[in-house]
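Peer 1: Each chain is listed here by its residues.
2 protein chains.
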Amino acid sequence: MNTQEYMIALGQQARQAASQMASADTGQKNRALLAMAAALDAARPRLEQANAEDMQAGRAKGLDAAMLDRLELTSARIDNMIEGLHQVAALADPIGGITGMNYRPSGIQVGKMRVPLGVIGIIYESRPNVTAEAASLCIKSGNATILRGGSEALKSNQAIAECIISGLREAGLPETAVQVVATTDREAVGQLISMPDYVDVIVPRGGKGLIERIAKDARVPVIKHLDGVCHVYIDRAADKVKAINIALNAKTHRYGTCNTMETLLVHNEQASAVLPDLAERYQASGVELRGCPETLKLLPLIKAADESDWSTEYLAPVLAIKVVSSLEQAIQHINQYGSHHTDAIVTESYTDARVFLRAVDSSSVIVNASTRFADGFEYGLGAEIGISTDKIHARGPVGLEGLTSEKYVVLGDGHVRQ
Amino acid sequence: MNTQEYMIALGQQARQAASQMASADTGQKNRALLAMAAALDAARPRLEQANAEDMQAGRAKGLDAAMLDRLELTSARIDNMIEGLHQVAALADPIGGITGMNYRPSGIQVGKMRVPLGVIGIIYESRPNVTAEAASLCIKSGNATILRGGSEALKSNQAIAECIISGLREAGLPETAVQVVATTDREAVGQLISMPDYVDVIVPRGGKGLIERIAKDARVPVIKHLDGVCHVYIDRAADKVKAINIALNAKTHRYGTCNTMETLLVHNEQASAVLPDLAERYQASGVELRGCPETLKLLPLIKAADESDWSTEYLAPVLAIKVVSSLEQAIQHINQYGSHHTDAIVTESYTDARVFLRAVDSSSVIVNASTRFADGFEYGLGAEIGISTDKIHARGPVGLEGLTSEKYVVLGDGHVRQ
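First to last, the protein sequences are chains A and B.
For what it's worth, my numbering labels the leading residue of the first sequence as 1, then goes sequentially.
For what it's worth, my numbering labels the leading residue of the second sequence as 1001, then goes sequentially.
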C-alpha cells in the first residue's frame, strides 16, 4: 500500500467511526477518557522508553535545544496529559443539546441540535502530549480524528496512541475513532488535507510556515491560527497604575505566546506620564524598546521603530511603541497593522471603552485587562484545541464547541406545506 | 485597467466600506433599506426598460424559456423586491449583540459580541431580483458586498444597483458598501474568489456545476449548497394518514426545489398498507415511480430503480421508492446516499423519533412534517441568503446570522494574568 492508499484507508475508517461516535452517549465517551488516563499512567515506562528513543534520534539528527525541549515527555508532562484527560471528561457534553425550540405560525416546532463535525484532521509538530490532548477533545465532541504528529515524535506518539486505543476499546467505542498516522512520509499531509470525502476539517498547530502552507493547499476547511500581533492602547482617560500594570503584564508575563503584546499605543496626553516609568521597568526586565518619532522625544536612548515593526510578531523581549493623537487613530492602527488576534484598551472612559469594543476587529477585544487572558482556560472553555484568527466558523480560543456544528430539528404532527 | 486590476480596486473599496458598515447603527441601516425600496418604486420605468433590453439580448442569444423566465423582471417581481427590503428592515439587527457575559474566577468578565464577517462576494446566475435581496441581507448584517450576477442580466442588475446606491447615499452609508461587478469578463469570478485580503467569504447561488467549480477554485471560504437528495421515511410505527399526506406534499408541492423529496423509504410492515394508495395518487399527479425489488412486488407496473437512482436529485416529477426492513437500515441509507440536506421520518414511536433525530446527519432532520418546510422563512429566519449543505460555519437555511461571526469581549478593572 502506498502513502496515498494508506491515507485513504485511514479516511474511510475514520468516516465509519465518526457515525458511531456521533451517537455515542456521554457516559461512554467519559469512560473512554478515564480509561485512557489510567492506561497512560500504567504505561509510563513504555512511554518513557519510546520518548527516549525519539530524543536520541533527535539529538543524532541535530535538532536544536528548543525542539528537543518540546519533544521531551517528562514525568510532569505525562502527569499533565493524565490530568487533561480527567478535565475533558469533567466538561459538559456539547453534543445533542437542543436550543431555540420554538413554534412557528405553521404549527411546526423548529430548533437546533448540536452535532459533531465528523472527521477532524490534526497536524502538529514536535510536542507528543498534543496527541492525547487533541484526541480527548475530538472524542468528547463526538468526532473521529486522524492525528499527524511530527516525524521526530513518531515513537512517542505511537506509544500514546496505544493507550488511547485501549481506552476506546474498554468503553466499547470504535478503535479507529482516533488514528495516528504511522508513516513519516510527507505526502501523508498532502493527502490528509485533500480528502473532502473523508475529512471535514483540518486543524494545523505549529509554526506559521506550516499553517500557511496547509491553508493554501487544503481542499477542506481549515481552522487556523496565524499571527498574534497584539496591542495595548493606553487611552487619554487611562488610569496610570492600571495602564502600567497591564502594559507590563501583557509584554513580560511570557514572551513567546501569541497573546503577548507586540506594540504599545499611547495617547499623546498620557505619553509623558507613563512612558518614562514604563520604559525603566521594561528595561529592567531586559525588553528592547523601539519607538516612533514622538516616543523617541520622550525616550531618546531607545531604537527607532521602522514601518515593519508595526506588523511584526516578535515572540521575544522586544516591544514597539507608538504615540497616537486620538482613540480613532489607535483603532485604525490596530485594524490596519494588527493580526486581528487580541487587543486591549486601558481607559476609565465609558464612551471610549464602548467605541473600542465595537470598532476593533479582533477575535478578543479587552477593556482594562491584560491581553494574556486570551486563552480557552481563562475564558472558561475548559480546554482549547487552538486559537482561531479566522472569522468563519470559530474565532478566538476554540474549545469543544468549535469542533461541532448545529443541525435544524423540526417537530410536526403531520404538517404539510400549504 | 484590466479585469484583475478592476476587481482588486472593487475589493479595496469594499474592505474600506466594510469597516464603516461594521460601526453603522441599526437606524441608519434600516433607513438605507427603506430608501432603496422607495428608489426601486420610483425607478420602475427605468428597471423595466433595462430588463427589456436584457430580455431582447437573451432572446437573440437563444436563451431557453426557463432562463428567460428567471431573467424577467415583472411588475410583481419588482413588488417582491420592494416588499423584501421592507421585511429585512423590520428584522432584528444581529450586530453588536452580546451573549454569555459571565465572571471568571480571575475576576474578568467574558462574553461574545456578534460582528459582521466583513466583505461577502455573491455570485449568482440570471435572476436580477437576487441583486436587491442579497444586498439587503449584507447591509443589515453590517457587511460590504461585491455582487457578480449573470452576464445576461447585466443591465437589469445595474439599474437595481443604482437604486441601492442611492439608498446608501441617502442614509449616509458608503456607496461602495454594495458594488455590482460591471464587466461580463469571466475572469472577474476567478479574481473575486482569489482575494483573501479583500473578500472574507463567497456565497455562490445557482446550478451545481457553477457551485462545484467555485468551491474547487476558491481561495476564501465558501458557503455553499450542492445537492438536495431528500428523503421521507415511513416508519413501522407511522400513522397512515400522516404518512400519505407528508409523502405527497414532500414530492408534489413543488418539483424543482432543493427540499423536495427524491427518495421515499418505507418500512416493510407498512409497505402494503401505504404504497398502493400512494402510488395511485402520485400517478394521478403525473409522478413517475421507480422502485426497488420489494417495491416492484407491490407495484409491478412501475419502473425498476437502479443504483444511481438512490443518489439522484431529479428536480422533476420522478420518485425513487425503497422498502427497508428497519429504522437502522433507513438511517444508513439516508446517511450513505442522501446529500445531508433535509430528511424526515413519519412515526408515532417516541423512541424511533429520538433515534432518527440524533443519527441522521443532515442540515434539517424532521419528524412528522414535510421536507418542504426546510426554508429560512418557514424556520423564522425572516430572510435567507441560501441553504448550506456544509457543516462548517453555517448549516441549513442561512439568514442574517450566517453572515456574521462573534468576537470575545473581555471587561476587567486593571486585571493582569498571574
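By construction, these hints were calculated from the structure, which means they are not laboratory data.
Incorrect hints may have been included.
Taking lysine-lysine pairs in the DSS-like style, the calculated list, with each CA pair at most 27 Å apart, reads [as the list claims (entries may be wrong)]:
(1) A:K242 x B:K1112
(2) B:K1155 x A:K216
(3) A:K240 x A:K155
(4) B:K1112 x A:K112
Since this is a predicted model, take the numbers as computed values, not measurements.
Peer 1: Of the hints stated earlier, which fail here?
Peer 2: 2 and 3
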